[in-house]
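Asker: Here is what each chain is made of, one letter per residue.
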Amino acid sequence: MEILMIFTSGIIIAVATYLFLTRSLLRVVFGVVMLSHGVHLLILTLSGLQTGAPPLLTENADAYTDPLPQAVILTAIVISFGMTAFLLVLAYRTYQDHGTDDLEELRGNADE
Amino acid sequence: MNNIVLLPVLIPFIAGTLLILFRNYPKAQRVASAVVVLILLISAVHLLYTVYQGGILTIELGNWSAPFGIVLVADLFSTLMVLLTAIVGVTCLFFAFQTLAKEREKFFFYPFYFFLLTGVNGSFLTGDLFNLFVFFEVMLISSFILIVFGGSKYQLRESYKYVVINIFASGLFLIAIAYIYSLTGTLNMAHIAVQIAELEQQGVVNVAAILLLIVFSIKGGLFPLYFWLPNSYFGPPAAIAALFGGLLTKVGIYAIIRSFTLIFVHDISFTHNIILMVAGLTMFFGVLGAVAQFDFKRILSFHIISQVGYMVMGLGLFTPLALAGAIYYIAHHIVVKAALFLFAGATQKITGTTDLKKMSGLLKTHPALAWLFFIAAVSLAGIPPLSGFFSKFALILSGVEEGRYLIVAVALLVGILTLFSMMKIFIYVFWGAPSLQKQDYAHIKLMPLLMPIIPLIVLTISMGLFAEPIFVFSETVANQLLDPSIYIDSVLGE
Chain A
21 MEILMIFTSG IIIAVATYLF LTRSLLRVVF GVVMLSHGVH LLILTLSGLQ TGAPPLLTEN
81 ADAYTDPLPQ AVILTAIVIS FGMTAFLLVL AYRTYQDHGT DDLEELRGNA DE
Chain B
606 MNNIVLLPVL IPFIAGTLLI LFRNYPKAQR VASAVVVLIL LISAVHLLYT VYQGGILTIE
666 LGNWSAPFGI VLVADLFSTL MVLLTAIVGV TCLFFAFQTL AKEREKFFFY PFYFFLLTGV
726 NGSFLTGDLF NLFVFFEVML ISSFILIVFG GSKYQLRESY KYVVINIFAS GLFLIAIAYI
786 YSLTGTLNMA HIAVQIAELE QQGVVNVAAI LLLIVFSIKG GLFPLYFWLP NSYFGPPAAI
846 AALFGGLLTK VGIYAIIRSF TLIFVHDISF THNIILMVAG LTMFFGVLGA VAQFDFKRIL
906 SFHIISQVGY MVMGLGLFTP LALAGAIYYI AHHIVVKAAL FLFAGATQKI TGTTDLKKMS
966 GLLKTHPALA WLFFIAAVSL AGIPPLSGFF SKFALILSGV EEGRYLIVAV ALLVGILTLF
1026 SMMKIFIYVF WGAPSLQKQD YAHIKLMPLL MPIIPLIVLT ISMGLFAEPI FVFSETVANQ
1086 LLDPSIYIDS VLGE
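Sequences listed follow chains A and B, in order. According to the numbering used here, the first sequence holds residues 21 to 132 in order. According to the numbering used here, the second sequence holds residues 606 to 1099 in order.
Please note that a few of the clues may not be correct.
Selected chain A positions facing chain B (in silico; Cβ < 8 Å) [unchecked claim]: (1) 56; (2) 66; (3) 99.
To spell it out: a stretch of chain A is covered by chain B in this simulated footprint if at least three of its residues, at any positions, have a beta carbon under 8 Å from a beta carbon of chain B; those stretches are [said to hold, decoys possible]: (4) 40 to 50; (5) 87 to 96; (6) 108 to 122.
Read the hints as simulated data drawn from the structure, not as lab findings. Small disclaimer: the values here were computed from a predicted structure and weren't measured. All residues carry an ideal CB built from backbone N, CA and C; glycine is no exception.
Sequences are here, hints too, so could you generate the full structure?
Answerer: This is the structure in C-alpha cells:
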C-alpha cells in the first residue's frame, strides 16, 4: 500500500512540476495546487499507513493511526488554501494590468 | 516567568490584529504602531538580557511536555536575532511614516507589517520543525502582500514569480519534514537531533539534510537559487525593501545555521563542505551581479546575496571562531543593509530615481546624507574601524587557520569588489555637478528622512569601536551553538 501511495504522490508531484514549467499564469497556479496535494499525500504515506484503526491513543489500544501527520496535513491544507487564493487573485491582477497571461511576455526587459 | 519568551511573537500579533479595525484612522494607526514597536524593542532587549544571565529559556505551549507539544526556545542566537529584528522593525517603521504614500497606508500596511514581524520572531524562537514551517508561512503571506503593495505593473509581475518560488520552496520544506518524520518519528528539533545521532543508516539523513538546505537556500538567497531576489526587492517602497533586505533572507540563514549546528552534525565532512562550496559561489556571483548593475537598489540587492555567502562561510568552516565571525557578521549586515536601503529610499525621495546615471552632485546639496551614506558603505565593504571589518577578519583568520585558502581568497576578492561597487554608488550619486536645482528639492526636508537612519549608523560605528565585548558575546553564542547538548537538555529537560 505504501509503495502504491508513494508512486501516486510521485506522479502528482511530476504533474505539478510540468505545470510549473508551462507558460500560462493559471496553469502555474494549478501546479501549486497539485504540488500541495502530492506533498500532503507523501506526509501521510511516509509516516506509515495504518488501516482500520482510529487515530486515538488510549491507554491499551492494539492498533492506532498516528494522529500527528493528520494534524500536520490539516494545518498545511489550510495554509496552502490561503496561499492558492492569494495567488489566484495576484495572477488575475497581473493578467488585468499586463493584458497577457503568457509568462514568456512577462519576463521584463533589462533597461527598466 | 518563562512567558517572556512569548512576548516577541504575541506583541506584534495582537497589535496587527487590532490595527485591522482602525484602517480609516491613519493618525491613530501611526501612534499605536510606533508605541507597539518600541514595546517590542524593549521586550527583545529584556529577553536577551534574561537569557544571557540565566541560560536558555523554554516554554511548552499548552503545557504539553516536549517532545510531544510545541516548544518555544530562546537561546542566545535566537534572542539576538529577535533583538535585531526589533531594531530594524523600529527604524523601518519610522522611515515608513516619512515616505509611505497616504493611500497605501490605508490598505492595511501596519497590520501586515506586524504580522511579518510575528512570523520572523516566531521562526527565530520556535523549537519545532513543523512550527517553523507555519511561522515561515505567516512571514511569507505578509511579505507577499507587502511586496505587491501599491500594485504597480512591475511589482505585480515580479511578485508573481516571488510568490510562486516561495510556495514551491514551502512544498519542498513539507517533503523534507515528511522525510525527517519518517526517519525519526518526531518533529521537535531537539528530539530529532537525539534520534538522528542514534540512527544507524546515516546516508538517508543526508538526503533530508540536503533537501532542507535547498529549501532554506531558496529563502536565504544562496547560489544557485538567488535568481528571484534582485528583481523582487527592486519593486516595493524603500521602507519595505529595507525590512526585507535586512531581515527576510536572514531568516533562511538562521534556519540553515540552526539545523546544521543542532540536527545535521552527523556527517560534517560531507554537509559542511557542500555549504562551504555554496558559500564561495554565492559570494562571488552575488558581487559580480552588483558590479554589473547601475541602479542603487539593485546593487544593494545583489550585495545581500554576496554577503549571505559570508555568513554561510562561517557555518561551513565550523570552528568556534568562524561561527562567532558569522554571527557578528549577521548582526553587522542586518543593521548596515537596512540603513543602506533606507539611504536608497531617501535619495529616491530627493531625486525621484534610483538610476545611478540620472543623478549626481548630492554631496554639494545634501552633505549630511552623503557622509552618513559613506560611513555605511565603507562599513559594508569592511574598512576598519567599522563593524564590517572585525567580522570579516574573524572569518578570514579562521579560514587561514583551517587551511582553506581558496575560500579565503574568494572572500578577500569579494571584499575588494564590494568596496568598488559601493564607491561606484558614491561617485555617481554624490560627486560631480549637482543635477538638481534648488527649487526641486527645497520642499523636501532631509532631517525627518535621516532621523530613523542615524541610530543604525551609530550602531555600526559602535559595533566597530566596541568590537571586543561584542566579539566575546558572539563567541559565547557560537560556543552555545556548537554544543547542541545544551539546547537539547534545556528542551527535553534532562
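Asker: Compare the structure with each hint and give your call.
Answerer: Verification of the hints:
no.: 1; hint: 56; verdict: 6 Å, holds
no.: 2; hint: 66; verdict: 4 Å, holds
no.: 3; hint: 99; verdict: 5 Å, holds
no.: 4; hint: 40 to 50; verdict: holds (count 3)
no.: 5; hint: 87 to 96; verdict: holds (count 5)
no.: 6; hint: 108 to 122; verdict: holds (count 6)
Going down the numbered hints, you'll see the structure goes against none, and every one checks out.
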